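Taken in sequence, the protein lines are chains A and B. Counting from 1, position 59 in the first sequence corresponds to residue 79 in the numbering used here; the numbering is continuous, with no gaps. Counting from 1, position 10 in the second sequence corresponds to residue 262 in the numbering used here; the numbering is continuous, with no gaps.
Derived by calculation from the structure, the hints in this document are not laboratory data. There could be a bad hint or two in this list.
Unchecked claim - With the C-beta cut set under 10 Å, the calculated list includes, among others, these residues of chain B facing chain A:
id : residue
1  : G275
2  : Q282
3  : S283
4  : F376
5  : V379
To be verified - For the chain B half of the interface with chain A, some residues (derived, Cβ under 10 Å), not all of them:
id : residue
6  : Q304
7  : F323
8  : T371
9  : I423
Values in this document were obtained by computation on a predicted structure and should not be read as measured data. For each residue, glycine too, the CB sits at the ideal point set by N, CA and C.
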Amino acid sequence: MTSKIINMAETIKDAEDRFLETMFASAPIADDGFSVAVVRKVRRGLWLRRLAVPVAALIGGVIAFKPLAGLVAAVVSLSSLLPQELLSATTTLIPQAQFIVLGAMLLVACLLGVRSLEE
Amino acid sequence: MRTGDDHQLVARVVSAQDTAAFGELVRRHQSQVRNFLRKLTGDIATADDLSQDCFMHAWDKLQTFSGRGSFIGWLLKVAYTTFLQSKRKSKRYVEILEQAGHATEMNGPGYSVQHDEVTDLDKFLAVLTDQERAIMVMSYACGLSHREISDATSMPVGSVKSVIFRGKEKIRTSFDIKDHQHG
Numbered sequence: 021m022t023s024k025i026i027n028m029a030e031t032i033k034d035a036e037d038r039f040l041e042t043m044f045a046s047a048p049i050a051d052d053g054f055s056v057a058v059v060r061k062v063r064r065g066l067w068l069r070r071l072a073v074p075v076a077a078l079i080g081g082v083i084a085f086k087p088l089a090g091l092v093a094a095v096v097s098l099s100s101l102l103p104q105e106l107l108s109a110t111t112t113l114i115p116q117a118q119f120i121v122l123g124a125m126l127l128v129a130c131l132l133g134v135r136s137l138e139e
Numbered sequence: 253m254r255t256g257d258d259h260q261l262v263a264r265v266v267s268a269q270d271t272a273a274f275g276e277l278v279r280r281h282q283s284q285v286r287n288f289l290r291k292l293t294g295d296i297a298t299a300d301d302l303s304q305d306c307f308m309h310a311w312d313k314l315q316t317f318s319g320r321g322s323f324i325g326w327l328l329k330v331a332y333t334t335f336l337q338s339k340r341k342s343k344r345y346v347e348i349l350e351q352a353g354h355a356t357e358m359n360g361p362g363y364s365v366q367h368d369e370v371t372d373l374d375k376f377l378a379v380l381t382d383q384e385r386a387i388m389v390m391s392y393a394c395g396l397s398h399r400e401i402s403d404a405t406s407m408p409v410g411s412v413k414s415v416i417f418r419g420k421e422k423i424r425t426s427f428d429i430k431d432h433q434h435g
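Kindly produce the complete structure, drawing on both the sequences and the hints.
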């Protein structure tokens, strides 16, 4: 009931309100390509966002390649310090270990690629 | 041509990032948003730049539109926030220049008309603060209810009413307008 009275009070306009409404009224502004410009800007932003992740991954990969190669070389040289029996046992247990690791990495890369294409 | 109401278009934009639906929303509401910002800034070019920024922010934040209340009310809230942010940035810019010892000739936070023809409305708006101007324009130019203005400005409805009352009082005293003697 109270809210109804408040709403009614809001809709009742005196002469001053009507005068101000007339003063504040203005003609509609023609679009004149405004909405097209906004949509173009939005689409550009969307494309930039879609490209940002793959480009960042590529740049990151290029930057990280050299240190990673150094790390792999260091790990390989460290493996010579390990007992020969342990190494032979590992290769016996998992003969295709390097292929499995490589396959997993490729799978992850493919999944990421498919997801970005879907988006 | 209206192919669906605003809420349906918003749903299409949020669910499928439909830029065509967003374009339709921009077409429908650009006039009100640009008029609102033109009255707030007093400058057509600045207002149109801010309107573009406003719609870009609206695109980013559209998922926060709850569907409660009108879409134009929500859009004017985004426009008002964009205006305040730009105001803060230009104020900070002036402060940095002043700290660096440069004299500035930029306008202060007040309203300044940047076009040739100064209308009665420009004179009215010039006596109001930013907040009063925004609320008066939302009420009298955009036709928003006190509740919608309260949502748009994050102010209690009572405060909105008192700002409108104060704004009317200022206009009345500044221009010697007598109550109920218009028209």
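Verification of the hints:
Taking 10 Å as the C-beta contact cut-off toward chain A, the hint placing G275 (chain B) at the interface holds, the least distance being around 4 Å. A hinted interface residue such as Q282 (chain B) counts as satisfied when its beta carbon comes closer than 10 Å to some beta carbon of chain A; here the least separation is about 5 Å, so the hint holds. Hint on S283 (chain B) holds. Least Cβ distance to chain A is approximately 4 Å, under the 10 Å limit. The criterion of a C-beta within 10 Å of any C-beta in chain A is met by F376 (chain B), whose closest approach is roughly 6 Å, and the hint holds.
Checking V379 (chain B) against chain A by beta carbon gives a least distance of about 13 Å; that is not within 10 Å, so the hint is violated. For Q304 (chain B), the suggested interface contact is upheld, since its CB lies about 6 Å from the closest CB of chain A, less than 10 Å. With a least beta-carbon distance of about 15 Å to chain A, the hint placing F323 (chain B) at the interface is violated under the 10 Å criterion. For the restraint placing T371 (chain B) at the interface with chain A, the shortest Cβ-Cβ distance is roughly 9 Å, inside the 10 Å limit, so the hint holds.
Interface hint status for I423 (chain B): upheld, as the beta-carbon distance to the closest one in chain A is roughly 8 Å, under 10 Å.
The structure shown violates the earlier hints numbered 5, 7.
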